[in-house]
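Trainee: Sequence:
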Amino acid sequence: MSAVQTITLPAQPDIQYHPEYEKYKERTRRRKETETLQTTLPAGFPQKLVSPLVWEGKDVEKRDDWVYQLSDSQLDEIDAALKSFKALNLSLGHINQTTFPLPTLRPVLRDLSKEIHTGRGFVVLRGLRIDDYSREENIIIYTGVSSHIGNIRGRQQHARLANGASPVISHIKDLTSTTQRELIGAPSNTPDKQVFHTDAGDIVSLLCLNRAAEGGESYLSSSWHVYNILAKERPDLIHTLSQDWPVDGFNNPASPYTLRPLLYHQPATATTPERVLIQYARRYFTGFLAQPRSKDIPPITEAQAEALDALHFLAEEHSASLDFQKGDVQYVNNLSIFHARNGFRDEPGKERHLLRIWLRDPEYAWETPQQLQERWDIVYKDVVEDQQVFPLEPTIRKSV
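Be aware that the sequence shown starts at 1, since it is given in the numbering used here, and climbs by one per residue.
Note that these hints are calculated values from the structure, not bench results. These figures come from a predicted structure and were not determined experimentally. Some clues are possibly wrong.
No more than 25 Å apart at the CA atoms, straight line, and that leaves these computed lysine to aspartate or glutamate pairs for DMTMM-like [what the hints assert, rightly or not]:
id, residue 1, residue 2
1, Lys295, Asp244
2, Lys350, Glu214
3, Lys326, Glu61
4, Lys25, Asp14
5, Lys62, Glu317
6, Lys173, Glu347
7, Lys350, Asp192
8, Lys83, Asp72
9, Lys23, Glu35
10, Lys62, Glu214
11, Lys48, Glu316
12, Lys232, Asp59
13, Lys326, Asp76
14, Lys86, Asp76
15, Lys381, Glu367
16, Lys86, Asp386
17, Lys350, Asp132
18, Lys326, Asp65
19, Lys83, Glu385
20, Lys86, Glu385
21, Lys62, Glu316
22, Lys232, Glu33
23, Lys173, Glu316
24, Lys23, Asp192
25, Lys350, Glu137
26, Lys25, Glu35
27, Lys25, Glu316
28, Lys232, Glu317
29, Lys25, Glu56
30, Lys114, Glu56
31, Lys58, Glu115
32, Lys58, Glu317
33, Lys173, Glu393
34, Lys23, Glu302
35, Lys173, Asp192
Hey, can you work out the whole structure from these sequences and the hints?
Mentor: Next up, the structure:
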C-alpha cells in the first residue's frame, strides 16, 4: 500500500494592517540571506523618474506654494453659484460646471487641475466658509467647486451594495462611538492611524468640515520618489510589485479575488511622458476589522509582504505633513501620490469630519492601465445624474 502524501499549502505571512518595522527589517534580512534576489529592473523600466511629481517631503514642508487661498471676491462668487444652483431645483447629481458657474474662479481651478496632473501632484484650496452654510449647502459648494477641477464624479460604493444607486460622496469620520467596532471594515471610519495607500480613481479630494481635538494630521508621499528609491536599492521588489497579486474581493460572490499587479509602467509616447503608477491599499492583503483577509483565496508571498512594508515605510520616511485646516479642500493625484493619516482623538465640538469625492478630468486624465480598467469602470462608468446620492451623514459602508 502506498504511503499517504501530505501536501502543505502555503500560509499567509505574518503581516497585519498596521506595519511593524522590526518584522519588516527581519523579513528583509532573512530574504537577503536565504534567497537570490534580482539585481536588475524589469525590461524597459526606468532607472529613475525625473519629473515635478518626484519630490521629497521635507522640501514640500518648507514651502506653501501648494496652497491656494480663496479671496473674498472668489468666496462671494461661490456663494452666488450656490444660490444659482438652488434656484434651479435640480437634484444634486446635476451639479456641474454649467449649473454651478464660477466665471472668474474657473481659470484658476483649471490651472490647479493641470498642476495636479503634471506638476507636483496635489494642491490645497483654502478658506471655504464652512460655518456660514448648512451641511447640504457645504456639500453643494464642495461638489460645485470640484466640478471645475474634474467634471466626472466616481461612485464610492459598488452598485450591488447600494441598490443600484451611486453614492458619490463619503464621510470620513470616526464611527466607533456609535457603531460596534467589529462591524467597521474601513480604517477611515475609526480614529486609528491610516497607513499609506491609494484610493480608486484619478483624483482624491477631501473637504475638512471639522478638525479633531488632537491628531489626525494628513500625510502625502510621492510614489514616484518611492519608485526611484526601490529601483536603485531593491530592483527585486520592482519585479514583485509589477507581478500579479491576489487582491481580496471580501466575500464578493462574483469575484472572491482578482489577480493584478500593484505597479504599472507606461512607456513614453508622442503625446505623453513615461509614467509609473502604483495602486494599492494594504487592507486588501491583510484585512481590517470587519473585513478580515478571506481564508479561501491564495495567500500573499514573503516577497509581497516585504514589498507592502517597503512601500509604507519608504512613503512614511519621505512624506510631507500637511496642515489640513477647517475649510480646506485637498486635491491629490491618486496615480502619483500615496496618502495616510495619523491617529486622532475627538471630543465634543472637536470631531474630525471630512467629505471625500473621487474625480476625473478628461482634459488632463492619464491613461488607465488595462488591468485597472474594470476597477475604474466600477468607479466612473454610467454614474448618471439622477442616480447620484449625496449622504448628509456618515454610514458604515464597504468601499469599491
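Trainee: Taking the hints in turn, state whether each one holds.
Mentor: Going down the list of hints, with the structure as the test:
1. The suggested pairing of Lys295 with Asp244 holds, with an alpha-carbon distance near 19 Å, which does not exceed 25 Å.
2. A distance of roughly 9 Å separates the Cα atoms of Lys350 and Glu214; the hinted pair therefore holds under the 25 Å criterion.
3. Under the criterion of a C-alpha separation no larger than 25 Å, the hint pairing Lys326 with Glu61 is consistent with the structure, at around 19 Å.
4. Distance hint between Lys25 and Asp14 is fulfilled; the C-alpha atoms sit about 13 Å from each other, no more than 25 Å.
5. Of the supplied pair hints, the one linking Lys62 and Glu317 holds, its CA atoms being roughly 16 Å apart against a limit of 25 Å.
6. Our distance criterion of 25 Å between C-alpha atoms is met by Lys173 and Glu347, whose separation comes to about 13 Å.
7. As the CA atoms of Lys350 and Asp192 are separated by approximately 16 Å, the hinted pair is consistent with the 25 Å bound.
8. For the suggested pair Lys83 and Asp72, the alpha carbons sit about 17 Å apart, so the restraint of at most 25 Å is met.
9. This hinted pair checks out: Lys23 and Glu35 have alpha carbons roughly 17 Å apart, not beyond 25 Å.
10. As the CA atoms of Lys62 and Glu214 are separated by approximately 23 Å, the hinted pair is consistent with the 25 Å bound.
11. In summary, the hint linking Lys48 to Glu316 is supported, as the alpha carbons are separated by about 20 Å, within the 25 Å threshold.
12. For the proposed pair Lys232 and Asp59, the alpha carbon gap of about 21 Å is at most 25 Å, so the pair holds.
13. A distance of roughly 18 Å separates the Cα atoms of Lys326 and Asp76; the hinted pair therefore holds under the 25 Å criterion.
14. Among the hinted pairs, Lys86 with Asp76 is consistent with the structure: their alpha-carbon atoms are about 15 Å apart, no more than 25 Å.
15. Simply put, Lys381 and Glu367 have alpha-carbon atoms about 15 Å apart, close enough for the 25 Å limit, and the pair holds.
16. Simply put, Lys86 and Asp386 have alpha-carbon atoms about 16 Å apart, close enough for the 25 Å limit, and the pair holds.
17. With a CA separation close to 17 Å, the supplied pair Lys350 and Asp132 stays within the 25 Å bound.
18. Pair hint Lys326 plus Asp65 holds up; C-alpha atoms about 19 Å apart against a cutoff of 25 Å.
19. Our distance criterion of 25 Å between C-alpha atoms is met by Lys83 and Glu385, whose separation comes to about 20 Å.
20. Under the criterion of a C-alpha separation no larger than 25 Å, the hint pairing Lys86 with Glu385 is consistent with the structure, at around 16 Å.
21. Simply put, Lys62 and Glu316 have alpha-carbon atoms about 17 Å apart, close enough for the 25 Å limit, and the pair holds.
22. Taking the CA atoms of Lys232 and Glu33, the gap is about 19 Å. The hint holds against a cut of 25 Å.
23. The straight-line distance between the Cα atoms of Lys173 and Glu316 is roughly 23 Å, inside the 25 Å bound, and the hint therefore holds.
24. For the given pair, Lys23 sits about 20 Å from Asp192 by alpha-carbon distance, which is consistent with the 25 Å threshold.
25. Using a Cα cut-off of 25 Å, the hinted pair Lys350 and Glu137 holds, with the two alpha carbons roughly 21 Å apart.
26. Distance hint between Lys25 and Glu35 is fulfilled; the C-alpha atoms sit about 15 Å from each other, no more than 25 Å.
27. Between Lys25 and Glu316 the alpha-carbon distance is near 15 Å, which keeps this suggested pair within the 25 Å criterion.
28. Distance hint between Lys232 and Glu317 is fulfilled; the C-alpha atoms sit about 16 Å from each other, no more than 25 Å.
29. A C-alpha spacing of about 23 Å is found between Lys25 and Glu56, which places the hinted pair at or below 25 Å, so the restraint holds.
30. At roughly 20 Å between alpha-carbon atoms, Lys114 and Glu56 fall within 25 Å of each other, so this suggested pair holds.
31. Of the pairs offered as hints, the one joining Lys58 and Glu115 holds, with about 20 Å between alpha carbons and a cut-off of 25 Å not exceeded.
32. Between Lys58 and Glu317, the direct Cα distance comes to roughly 10 Å. Compliance with the 25 Å bound is thereby established for this hinted pair.
33. In summary, the hint linking Lys173 to Glu393 is supported, as the alpha carbons are separated by about 10 Å, within the 25 Å threshold.
34. The suggested pairing of Lys23 with Glu302 holds, with an alpha-carbon distance near 12 Å, which does not exceed 25 Å.
35. Distance restraint check for Lys173 and Asp192: the Cα-Cα separation of roughly 11 Å lies within the 25 Å cut-off, and the hinted pair is therefore satisfied.
When the structure is compared with the earlier hints, no violation turns up for any of them.
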